[in-house]
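A.B. asks: Here is what each chain is made of, one letter per residue.
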Amino acid sequence: MTLPETPKGTGEWLRGEGPEVDIVISSRVRLARNLSGYRFRNSCDREENRRINDTVRSVVISANLGEDLIYYELEPMNMIERDYLVERHLISKEHAEAEGPRGVAICSGEALSIMVNEEDHLRIQYLQSGLKLSETWDAINRVDDLLSERLDFAFSPTLGYLTACPTNVGTAMRLSVMMHLPALEWTKQLRKVFKAVSKMNLAVRGLYGEGTRASGDFYQISNQVTLGKSEGEIIAIVDSVVRQIVRYERKVRQALLTQNRPNLEDRIWRAHSMLKGARIISSEETMSLLSSLRMGVNMGVVKDISIKTLNELFLETQPAHLQKSHGREISVRERDVMRASLVRKRLAEN
Amino acid sequence: MLCQECKKRKATVRVSEMQSDGTHKEIHLCEECARQYGISLKFSFNEVLGNLISSQLGIPVKDAQAKCPNCGLTFEEFQSSGRLGCPHDYETFKANLIPMIERVQSGLRHVGKAPRDVGRIYEREQEVVRMQKELDSAVACEDYEKAAEIRDRIHELRKTARTGDAGESPELRDTEERP
Ligand SMILES: [Zn+2]
Ligand SMILES: [Zn+2]
Chain G
1 MTLPETPKGT
11 GEWLRGEGPE
21 VDIVISSRVR
31 LARNLSGYRF
41 RNSCDREENR
51 RINDTVRSVV
61 ISANLGEDLI
71 YYELEPMNMI
81 ERDYLVERHL
91 ISKEHAEAEG
101 PRGVAICSGE
111 ALSIMVNEED
121 HLRIQYLQSG
131 LKLSETWDAI
141 NRVDDLLSER
151 LDFAFSPTLG
161 YLTACPTNVG
171 TAMRLSVMMH
181 LPALEWTKQL
191 RKVFKAVSKM
201 NLAVRGLYGE
211 GTRASGDFYQ
221 ISNQVTLGKS
231 EGEIIAIVDS
241 VVRQIVRYER
251 KVRQALLTQN
261 RPNLEDRIWR
271 AHSMLKGARI
281 ISSEETMSLL
291 SSLRMGVNMG
301 VVKDISIKTL
311 NELFLETQPA
321 HLQKSHGREI
331 SVRERDVMRA
341 SLVRKRLAEN
Chain A
351 MLCQECKKRK
361 ATVRVSEMQS
371 DGTHKEIHLC
381 EECARQYGIS
391 LKFSFNEVLG
401 NLISSQLGIP
411 VKDAQAKCPN
421 CGLTFEEFQS
431 SGRLGCPHDY
441 ETFKANLIPM
451 IERVQSGLRH
461 VGKAPRDVGR
471 IYEREQEVVR
481 MQKELDSAVA
491 CEDYEKAAEI
501 RDRIHELRKT
511 ARTGDAGESP
521 ELRDTEERP
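For the record, the sequence lines run as chains G and A. For the first sequence, the working numbering assigns the number 1 to the initial residue and increments by one for each residue that follows. For the second sequence, the working numbering assigns the number 351 to the initial residue and increments by one for each residue that follows.
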């Protein structure tokens with residue numbers, strides 16, 4: 001089982017278009033659902049997990065969710081292919097590394113993905129570029145409706161959708177807004193922001209979700225509460241907090257331009273020449289330099305590079321993407337050389 | 351203990367990360383470094399629901415040996431994994447779960463979206479739970495003939511619902527091969 005040829009470019013969510021997209025990379029809504037009449041994934045034996053995977057797969061394929069829908073079985077895939085899906089935010093790291101019959105349905109230009117047999121039987125995810133929580137909710141709500149016509153989901157009239165982890169019970173909805181906050185990071189304002197965010201009962205995490213460190217100044221803001229508030233109320237809270245952070249980041253960027261321009265430009269142009277000149281570069285350093293450059297482009301300091309190119313580079317320079325495009329496993333050292341050469345080539349094309 | 355990241359300040363935050371082999375790896379960080387890396391409520395949240403439930407929330411656990419008749423999970427097992435075994439556990443461990451959920455959530459009543467046909471789903475869920483109990487006791491008595499019969503009835507019950515049991519139809523095999 002192999003994935004289709006490495007798609008050129010990126011999924012819908014890295015298109016670089018949409019409201020506040022200079023600071024808000026993407027909006028994601030994820031719903032956890034479990035089949036009624038079955039145990040949760042962790043208590044199922046292999047046979048039951050296979051049955052659940054088969055049942056959900058046949059429904060997902062026939063539910064008219066999108067013309068380009070493809071269902072991938074994860075078990076036969078090698079680790080590079082699974083990591084490739086993780087890097088594209090189509091499955092979670094846990095899903096990639098788990099065992100047993102499980103899969104993922106992907107469609108709508110990678111905006112919609114449905115993980116099957118992750119922690120819950122279904123994890124439906126909708127991902128869009130820019131700050132678009134309400135629109136993303138509308139889209140995923142329709143998908144959930146279509147699936148509900150064919151599947152019975154475990155539900156309690158008082159506790160709502162029942163999930164394997166009790167922290168998700170209720171709406172079983174997790175919003176996640178990915179933000180690029182280099183100016184707040186640089187001026188050491190993030191601590192203040194995180195404190196305020198925690199007070200609102202929201203969580204801040206790194207680029208690849210739970211347990212990961214933030215890299216390249218990317219942070220995900222998500223809701224913690226899933227019970228006692230409706231989907232609309234939760235969306236309104238997250239949306240308003242994100243908008244406040246956007247305003248703050250903009251204000252600090254403006255202040256840097258007026259009060260600290262030489263330092264700001266130095267940082268951006270250094271990143272620019274490092275990326276254009278490096279012969280060996282790690283994934284972390286690439287992320288951090290691309291982050292500075294991205295800020296430079298969005299602030300109008302750098303004019304000859306497009307956000308689209310940068311977004312593509314964020315993805316293409318990830319380890320599994322590099323290995324997949326070369327069709328084999330590659331050592332870290334070799335990867336660092338290939339990465340540097342890819343970045344030079346893509347920035348020269350611009 | 352010093353922070354494992356900056357190796358300067360005192361470590362006050364314990365972060366537990368689940369490894370791919372299912373074991374937990376612990377990292378000790380100072381508050382500064384923890385924040386730097388975007389570690390916030392999420393961790394304390396999961397820990398709260400993991401093994402630290404009773405000590406952190408100060409909620410005494412009632413009957414940790416209580417066992418779910420549907421999936422066999424005990425509350426003690428839930429405390430170490432943080433994951434429930436089946437939807438029925440919300441009922442089985444109600445006395446322990448509800449106070450915990452109340453602490454971390456914004457109320458105890460779901461006010462969001464609901465599937466149509468909630469009543470029918472709920473009834474069938476109860477029926478499956480009841481038959482699962484029968485199945486377990488049949489297996490315990492080594493009455494495998496009866497066990498097989500009950501297993502078939504459970505599958506039948508699932509089939510009558512819209513949650514069609516896909517089984518192994520050849521057309522499904524094909525979809526696996528799609529490019
Ligand atoms: Zn430290
Ligand atoms: Zn159970």
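It should be emphasised that the hints constitute simulated quantities derived from the structure, not laboratory data. Please note that the accuracy of each hint is not assured.
[As the list claims (entries may be wrong)] Partial chain G-side listing against chain A, Cβ under 8 angstroms, derived:
{"#": "1", "residue": "Asn42"}
{"#": "2", "residue": "Asp45"}
{"#": "3", "residue": "Arg46"}
{"#": "4", "residue": "Ser108"}
{"#": "5", "residue": "Ser148"}
{"#": "6", "residue": "Ala154"}
{"#": "7", "residue": "Gly160"}
{"#": "8", "residue": "Leu162"}
{"#": "9", "residue": "Gly170"}
{"#": "10", "residue": "Ala196"}
{"#": "11", "residue": "Met200"}
{"#": "12", "residue": "Glu231"}
[Stated by the list, open to error] What follows is a set of in silico ranges between Cβ atoms, one per label pair, in the way DEER data are often shown:
{"#": "13", "chain 1": "G", "residue 1": "Ser282", "chain 2": "A", "residue 2": "Pro419", "range": "37 to 43 angstroms"}
{"#": "14", "chain 1": "A", "residue 1": "Thr424", "chain 2": "G", "residue 2": "Asp138", "range": "40 to 46 angstroms"}
{"#": "15", "chain 1": "A", "residue 1": "Arg453", "chain 2": "G", "residue 2": "Asn78", "range": "48 to 54 angstroms"}
{"#": "16", "chain 1": "A", "residue 1": "Ile448", "chain 2": "G", "residue 2": "Arg333", "range": "40 to 46 angstroms"}
{"#": "17", "chain 1": "G", "residue 1": "Arg333", "chain 2": "A", "residue 2": "Tyr494", "range": "56 to 62 angstroms"}
{"#": "18", "chain 1": "G", "residue 1": "Lys192", "chain 2": "A", "residue 2": "Thr424", "range": "41 to 47 angstroms"}
{"#": "19", "chain 1": "G", "residue 1": "Glu75", "chain 2": "A", "residue 2": "Met351", "range": "29 to 35 angstroms"}
Even glycine gets a Cβ: it sits at the ideal position worked out from N, Cα and C.
A.B. asks: Take the hints in turn and mark each one as holding or not.
C.D. replies: Status of each hint after checking the structure:
1. Asn42: Since the shortest Cβ distance to chain A is 5 angstroms, the answer is holds.
2. Asp45: With a minimum Cβ separation of about 11 angstroms from chain A (threshold 8 angstroms), the hint on Asp45/G is violated.
3. Arg46: Result: violated, 14 angstroms to nearest chain A Cβ.
4. Ser108: Where the cut-off is 8 angstroms and the nearest Cβ of chain A is about 16 angstroms from Ser108/G, the hint is violated.
5. Ser148: Holds, because the Cβ-Cβ distance from Ser148/G to chain A comes to roughly 5 angstroms (cut-off 8 angstroms).
6. Ala154: Status holds, d = 4 angstroms.
7. Gly160: Holds, about 3 angstroms.
8. Leu162: This interface hint holds because 4 angstroms falls under the 8 angstroms limit.
9. Gly170: For Gly170/G, the interface hint holds, since the closest Cβ of chain A sits about 5 angstroms away, which is under 8 angstroms.
10. Ala196: Violated: closest Cβ of chain A sits about 11 angstroms from Ala196/G, beyond 8 angstroms.
11. Met200: violated, 10 angstroms
12. Glu231: holds, 5 angstroms
13. Ser282/G with Pro419/A: 37 to 43 angstroms: violated, 53 angstroms
14. Thr424/A with Asp138/G: 40 to 46 angstroms: holds, 42 angstroms
15. Arg453/A with Asn78/G: 48 to 54 angstroms: Cβ of Arg453/A to Cβ of Asn78/G: about 43 angstroms, so the range 48 to 54 angstroms is violated.
16. Ile448/A with Arg333/G: 40 to 46 angstroms: Because 54 angstroms falls outside the window, the suggested range is violated.
17. Arg333/G with Tyr494/A: 56 to 62 angstroms: Holds, at about 57 angstroms.
18. Lys192/G with Thr424/A: 41 to 47 angstroms: holds, 44 angstroms
19. Glu75/G with Met351/A: 29 to 35 angstroms: The hint (29 to 35 angstroms, Cβ to Cβ) is violated, given that Glu75/G and Met351/A are roughly 41 angstroms apart.
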